[in-house]
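Going down the list, the protein sequences come from chains C and B. Quick note, the first sequence lines up with residues 0 to 329 if you use numbering that gives the first Met the number 0. Quick note, the second sequence lines up with residues 0 to 256 if you use numbering that gives the first Met the number 0.
Hint data in this document are derived by calculation from the structure and do not stem from the laboratory. All of these numbers come straight from a predicted model, not from anything done at the bench. Backbone N, C-alpha and C define an ideal beta-carbon position, used for all residues, glycine too. Treat the hints with caution; some may be incorrect.
[To be verified] Capping the alpha-carbon separation at 30 Å, the derived lysine-lysine pairs in DSSO-like fashion look like this: (1) C:Lys-319 x C:Lys-43; (2) B:Lys-140 x C:Lys-112; (3) C:Lys-43 x B:Lys-140; (4) C:Lys-125 x C:Lys-86; (5) C:Lys-51 x C:Lys-204; (6) B:Lys-167 x B:Lys-86; (7) B:Lys-140 x C:Lys-63; (8) C:Lys-63 x C:Lys-49; (9) C:Lys-63 x C:Lys-125; (10) C:Lys-204 x C:Lys-165; (11) B:Lys-140 x C:Lys-86; (12) C:Lys-43 x C:Lys-86; (13) C:Lys-51 x B:Lys-113; (14) C:Lys-121 x C:Lys-165; (15) C:Lys-86 x C:Lys-63; (16) B:Lys-86 x C:Lys-63; (17) C:Lys-86 x C:Lys-121; (18) C:Lys-161 x C:Lys-125; (19) C:Lys-329 x C:Lys-201; (20) C:Lys-49 x C:Lys-161; (21) C:Lys-52 x B:Lys-86; (22) C:Lys-51 x C:Lys-86; (23) C:Lys-49 x B:Lys-140; (24) C:Lys-63 x C:Lys-52.
[To be verified] Beyond 12 Å from chain B on every Cβ pair, some chain C residues (computed): (25) Arg-70; (26) Asn-76; (27) Phe-82; (28) Ile-92; (29) Thr-94; (30) Thr-140.
[As the list claims (entries may be wrong)] Coverage of chain B stretches by chain C, computed from C-beta distances (three or more under 8 Å per stretch; other residues unrestricted): (31) 33-40; (32) 57-64.
Residues per chain are reported as follows:
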Amino acid sequence: MKRYNFILIAFLLFLSGCSDLLVNGPDSNLNMDDFNSAWQIANKYYPFFKFKKINWDSLYTVYKPQAEAARGDEIYNVLYQMFRELKDGHIEILTEGGFPVMTYEWPRDIDRKAFSSIVVSKYFSKPLILAGEDKFDYEITDNNIGYVYISTFSDGDGNWYKDFGKIMEYFHNTKGIIVDVRNNDGGNSNSEDYIISRLIEKPIKDIWYTYSVANSLIINPVDSPGYLKSVVVLINGASFSAAETFPELLRQSPNVTLIGDTTGGGGGINDFYTLPSGKRLQIAFGYNIRFDGTMIEWNGVLPDILVTQTASDISNGHDKQLEYAINFLK
Amino acid sequence: MNKYLIGAVVILLLFVPATKAQESSSVNEYIDNGLTFNTGYDIIAVKDEFISQEKYTGSSPSFQLDWSRLNDSSGFHLSFGIISAAKVNNYNVSAEITEAALNLAYVYPIGNIKLFNREIKLFFGPSPELFFHFRTEDIAKGAVFDAYSAAFLFSAGARLDMVMPVNKDWQLEGGIYSSLLSLGGKFINPQDNNTSMMKILTLFTGMSSYIEAAARYNLIKNISLRAGYKFSFVRISAWDYFITVKDDFNLSLTYSL
């Protein structure tokens, strides 16, 4: 029985120190390594310092003492504040497991409240059909106009956007098509180019800059001569990144009209960079421009026909931008 | 603080006056059949490498409601506990943590052992548990969205209850629980499509466990008061390493039906 007594006492005493034994902090403090690495990555790759008139060296001087004083996860605040100075909706600091902490909310994102898929659905006599991992909603209006909402250009399973071919077949006999990229946060060019190739009637050119070098690509229509009827692209201030280059590229096609409001102004082409502790930084290494030579960053893409819309329009059940597009294509 | 409390429990176990232990192993003589409200003061320590490798610590009140229903040869406990700690800190960075656990246990008398020259009645049985952890993180003050993390375990486990009757008013109690096999889930990088957010977890990849010790005093005929200490932890390593540990100093009131 003495053995039981000993085991019990030893176990209870062991428990009293268990919290510290089981949960402990990191072996080393990599805060300054993270700070220096993040600053250097931006210094090497970020293309907008001159355009934004930002003195990155002076920001190092400002934030270095804060980084030196940061203990534990306080470094997140220092990195967040430093990169927030760049006013770039693309820049994210990812936690060690990958949660993306956005550093800036672009001002025109206020338009996010001026769109509702529920209000859009009221313009159709049938429920909208979902496709492409639910990233597409589409249907034909009573006026025989095709409508497709694209919620994102992100990767997903890598094949979701190929459903767009079926949607175009469904729209085969329509008078025209509305492609809605409002409240679309963007993604990458694979899905963007695939969808564009099914909406244009002639080849168009895509130009972008990486590491200050111009790149170009020709996007060809899938079927020659391609889609010949009118296409309206709906945009607003919450159309961001790839949802801005998408309408800007389509603008080259004579059958395309952009309707709505100026897009968000996110022109960076971005990549992820790993910091010494395992945190990551998403930041631009290249950029897109408009065909008039203006930076998309901060300026956005302008509509051909400006139709403003507010959150109160939506709360009153009206989608003025969609109504305009339907009347435009009638 | 927890070291002193455990020391006190050990001393209590060593020096309580000898009284004749009850001979029967009938369940309802030892485990209260009724409703128990439990409130505690918890010291919580959390490390979730989805956020960082840093340790976060804090304290908060906790609450638990238990329902025990027994018959002569078996019994069960149903308990629901929750803790919501608003300030769990790593230096000047804070997290808000909510944890909840729903636990069901079926116990059967399995015999007696002697400890400190006293009879201890043992009850053992299967015990499923649902554990949930949610954390919001203020790692970037003023950020557009707070970072967050979440984890859950739905476990099949086993529970051992130990009861040492001291006299007609006092009773010492202990319990050990461990999950054995779990269905676990954890919030992961939304841009990582290669890993499932849910997996079957063994003891090595996902474990929920606790050990508790308490002294119960019968206040009046149907009401007893219980003071205790519970050490619990949940550890998940199938994704970004996660561990939450709680030292719980608790007081409960049982109304026997």
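Consistency of the hints with the structure:
1. C:Lys-319 x C:Lys-43: violated (44 Å)
2. B:Lys-140 x C:Lys-112: holds (24 Å)
3. C:Lys-43 x B:Lys-140: holds (27 Å)
4. C:Lys-125 x C:Lys-86: violated (42 Å)
5. C:Lys-51 x C:Lys-204: holds (27 Å)
6. B:Lys-167 x B:Lys-86: violated (43 Å)
7. B:Lys-140 x C:Lys-63: holds (18 Å)
8. C:Lys-63 x C:Lys-49: Holds. Lys-63 (chain C) to Lys-49 (chain C) sits at ~22 Å (cutoff 30 Å).
9. C:Lys-63 x C:Lys-125: violated (59 Å)
10. C:Lys-204 x C:Lys-165: Cα-Cα ~25 Å, so holds.
11. B:Lys-140 x C:Lys-86: Holds - the C-alpha atoms of Lys-86 (chain C) and Lys-140 (chain B) are around 16 Å apart, at most 30 Å.
12. C:Lys-43 x C:Lys-86: holds (18 Å)
13. C:Lys-51 x B:Lys-113: violated (78 Å)
14. C:Lys-121 x C:Lys-165: It holds: about 24 Å lies between the C-alpha atoms, which stays within 30 Å.
15. C:Lys-86 x C:Lys-63: holds (19 Å)
16. B:Lys-86 x C:Lys-63: This hinted pair holds, its Cα atoms lying about 28 Å apart.
17. C:Lys-86 x C:Lys-121: Judged against 30 Å, a Cα distance of about 37 Å means the pair is violated.
18. C:Lys-161 x C:Lys-125: Distance of about 24 Å is within 30 Å: holds.
19. C:Lys-329 x C:Lys-201: Holds - the C-alpha atoms of Lys-201 (chain C) and Lys-329 (chain C) are around 24 Å apart, at most 30 Å.
20. C:Lys-49 x C:Lys-161: violated (39 Å)
21. C:Lys-52 x B:Lys-86: violated (39 Å)
22. C:Lys-51 x C:Lys-86: Since the Cα atoms of Lys-51 (chain C) and Lys-86 (chain C) sit roughly 9 Å apart, the hinted pair holds (cutoff 30 Å).
23. C:Lys-49 x B:Lys-140: Distance of about 28 Å is within 30 Å: holds.
24. C:Lys-63 x C:Lys-52: holds (20 Å)
25. Arg-70: violated (4 Å)
26. Asn-76: Answer for Asn-76 (chain C): violated, closest chain B Cβ roughly 6 Å.
27. Phe-82: Contrary to the label, Phe-82 (chain C) does not stay out of reach of chain B, its closest Cβ about 10 Å off (not over 12 Å).
28. Ile-92: violated (7 Å)
29. Thr-94: violated (5 Å)
30. Thr-140: The assertion about Thr-140 (chain C) holds, with a minimum of 34 Å to chain B.
31. 33-40: violated (count 0)
32. 57-64: violated (count 0)
Hint check: violations occur at hints 1, 4, 6, 9, 13, 17, 20, 21, 25, 26, 27, 28, 29, 31, 32; the rest are consistent with the structure.
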